[in-house]
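*Asks:* Given the sequences, and given the hints that come with them, work out the whole structure.
Residues per chain are reported as follows:
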Amino acid sequence: MSKPAISVENLGKMYRLSHQGRRADSFREAITNTVLGPLRRLRQLSGREETMEEFWALKDVSFEVQPGEVVGIIGRNGAGKSTLLKVLSRIVEPTEGRAVLRGRVASLLEVGTGFHPELSGRENIYLNGSILGMKKREIDAKFDEIVAFSEVEKFLDTPVKRYSSGMYVRLAFAVAAHLDPEILIVDEVLAVGDAEFQKKCLGKMKQVATGTGRTVLFVSHNMAAVSTLCGTGVMLERGQVLATGPVTEIVDRYLSSGRSEVEGKVTPSRPHGASIWITRAELTGGGPDGTSLRMGDELTLRVHFEADPATARPRLGWVLSDASGSRLLCANNRYSPNPPLPEPASEGTVECRLGMVPLMAGRYQLSLYLGDEVRDTHVLLDALNFEIAPHDVWGEGKTPPQGVSAMWWPSKFSVDATETSIGL
Amino acid sequence: MSSLFPHLHETILRPRRGWIAVDWRELWEHRELLGFLVMRDIKVRYKQTVLGAAWAILQPLFAMLIFTLIFGRFAKIPSEDAPYAVFVYAGLLPWTFFSTAVTQAGQALVSQQSLLTKIYLPRMFVPAAPVGGALVDLAISFGVFAIVMAVYQQVPGWGVVMVPLLVLLTIAAALGMGLLLAALTVTYRDFRYVIPFMIQAWMYISPVIYPVSLVPAEYRWALALNPLAGVIDGFRAAFLNRPFDWPTLSISAAVSVALLLVGMFYFRKTERRFADIA
Chain A
1 MSKPAISVEN LGKMYRLSHQ GRRADSFREA ITNTVLGPLR RLRQLSGREE TMEEFWALKD
61 VSFEVQPGEV VGIIGRNGAG KSTLLKVLSR IVEPTEGRAV LRGRVASLLE VGTGFHPELS
121 GRENIYLNGS ILGMKKREID AKFDEIVAFS EVEKFLDTPV KRYSSGMYVR LAFAVAAHLD
181 PEILIVDEVL AVGDAEFQKK CLGKMKQVAT GTGRTVLFVS HNMAAVSTLC GTGVMLERGQ
241 VLATGPVTEI VDRYLSSGRS EVEGKVTPSR PHGASIWITR AELTGGGPDG TSLRMGDELT
301 LRVHFEADPA TARPRLGWVL SDASGSRLLC ANNRYSPNPP LPEPASEGTV ECRLGMVPLM
361 AGRYQLSLYL GDEVRDTHVL LDALNFEIAP HDVWGEGKTP PQGVSAMWWP SKFSVDATET
421 SIGL
Chain B
1001 MSSLFPHLHE TILRPRRGWI AVDWRELWEH RELLGFLVMR DIKVRYKQTV LGAAWAILQP
1061 LFAMLIFTLI FGRFAKIPSE DAPYAVFVYA GLLPWTFFST AVTQAGQALV SQQSLLTKIY
1121 LPRMFVPAAP VGGALVDLAI SFGVFAIVMA VYQQVPGWGV VMVPLLVLLT IAAALGMGLL
1181 LAALTVTYRD FRYVIPFMIQ AWMYISPVIY PVSLVPAEYR WALALNPLAG VIDGFRAAFL
1241 NRPFDWPTLS ISAAVSVALL LVGMFYFRKT ERRFADIA
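Residue numbers (the numbering used here), protein chains in the order written: chain A, 1 to 424; chain B, 1001 to 1278.
To be clear, the hints were calculated from the coordinates, so they are not data collected in a lab. Incorrect hints may have been included.
Simulated DEER-style distance windows between Cβ atoms [unchecked claim]:
#, chain 1, residue 1, chain 2, residue 2, range
1, B, ARG1242, A, LEU45, 43 to 49 Å
2, A, PRO410, B, SER1114, 44 to 50 Å
3, B, PHE1197, A, GLY211, 42 to 48 Å
4, B, TYR1193, A, PRO271, 23 to 29 Å
Each computed BS3-like pair below joins lysine-lysine, with the alpha-carbon atoms no more than 27 Å apart [stated by the list, open to error]:
#, chain 1, residue 1, chain 2, residue 2
5, B, LYS1269, A, LYS136
6, A, LYS135, A, LYS154
7, B, LYS1269, A, LYS142
8, A, LYS154, B, LYS1043
9, A, LYS199, A, LYS154
10, A, LYS136, B, LYS1043
11, A, LYS161, B, LYS1043
12, B, LYS1269, A, LYS59
13, A, LYS161, B, LYS1047
14, B, LYS1269, A, LYS154
15, A, LYS199, A, LYS161
16, A, LYS135, B, LYS1043
As the structure is a prediction and not an experimental result, all values here were calculated from the model. Positions of the beta carbon are idealized from the N, C-alpha and C atoms, including for glycine.
*Replies:* Okay, structure coming up:
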């Protein structure tokens, strides 16, 4: 019996959350804050402050991965997927427990880590390859393959800052795709690039995973990709392993588990450095209790935010996708009319009335993008996971047939009889 | 059946406490990466400038001209019988290298956070790369110095054989200080603002524009605690054909090595928190 390629035993990762930014309510308090603030912050930064809240991003996580297994890690935002990958990639150290990795590990948590905009494509291939853990002669040997895969031959000696974003991503992925480790750890990298290239990447990933007996850990929100690539699934929830098993079972379980999330269970914490962030989000419909959603219901999305500094223009975008990850609809008040608040607020709610969305019965996911005028500071992929129940939308005692299209359409039919003369 | 990959390298991840030894084997295995990072630093340094690498020549020359004018001509600071320009340039050689290397190394981690939070690599290389990059400027400055020496008709003595050792000591001090400041800046961003002041002050406590002999003999040991003091004085002894001040040089050398060790160990101790707080 061969030893597992990855064994994780009771792994835990704890973060200390500091409750920073206590606002001064009076002049006296402002003065004391200025004087005593540095002392308090010194204690905080050096990690010695007692009053900080403990938060376990991972707790008692145990599982094993056999050599050659391709494992999909599934879970909602904040379930601990990224933390798990970071621990296994040696980026952060676990707080308790241990993990043993047998083989050379390469991890790909971001496309193009270490790319320098001033350097040419050629120079960046070597730099990035080396950062990802390749030896120079390995890069030499695979150089032509990398270039061919990236489709940027003509611009090899152009600084990458002149590349289009598509070219940049293609080159970056091409380098990563030619890594040759025994264990490969991949986080959501397929979410970039155009559809065609995504398909190519998925193909390459599949080839890497199945063709060479390599062990792969793969995180994605795209359930279709997870199902095609992986044989085994691990589902995480609130930092713990909820289930492991054949990928189809785990994906099904994931897709049917999210019901309660619609009621506003999304209570994420502030991302580092964000000036505006989501504190709660909910989607309500027209059902009797406002939360069970049926075909033909008017949908309303409410996102509660906090901002520091206060803002008058919170910008919210959302993308609605179906169970397989295909994106169906999107909207963003950066581009649609939405008057600013009369004065800046440090917390509030953005409401978006979607109106009647003619979705068929099934599971859907809503990703949220909150930010300022320029960029999104808080992104929650598939934050809300909800189910639309079949409903008799026309009051005719029938529901539109499932499986024909992603949506039904509220159109009006009329039939006219044309006079036909029989005796031509 | 035995393991499929019997030769496999095992990585064990678990919480560690206290001081962590420097993993020399890992550094050696990844030495090519350091090479690439240094190359990147050098290639990027003078990109999109009109004069390009000429800046590496012009910077020390301008500094030499200004210092010679202000401190040599106007303030009439003694220069131990050598022309002030040669005297100050010999001091600027290690000083410019040191200040550039320390400033850039100190910022290296916070300006490239994705190297901390998105990938694992021997993180010491990140601040070490700008030190390597600054070495190239130092080499160019040596070339310029040869011309300055020729112009002033100065002939170095046998002391020049000490130069490689002196350069090594400067690298040790710069690397030690760079690692220390890089690690501190990750936790306490205050150091981004502290470093420029610190470097400015450091120049005045180093004998860059004045000779060590200006400091009373009984306080010289205190001056020597500054690793740059012994190095700069050594550079002058080597190039201006003067006896070495061995006590000062020895103290400075010891402090340089100590600084390197402190920098490395502090870096290793705090390294495991980098990705959590970056």
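*Asks:* Does the structure break any of the earlier hints, and which numbers would those be?
*Replies:* Checked against the structure, the hints that fail are numbers 3, 5, 7, 14, while the rest are satisfied.
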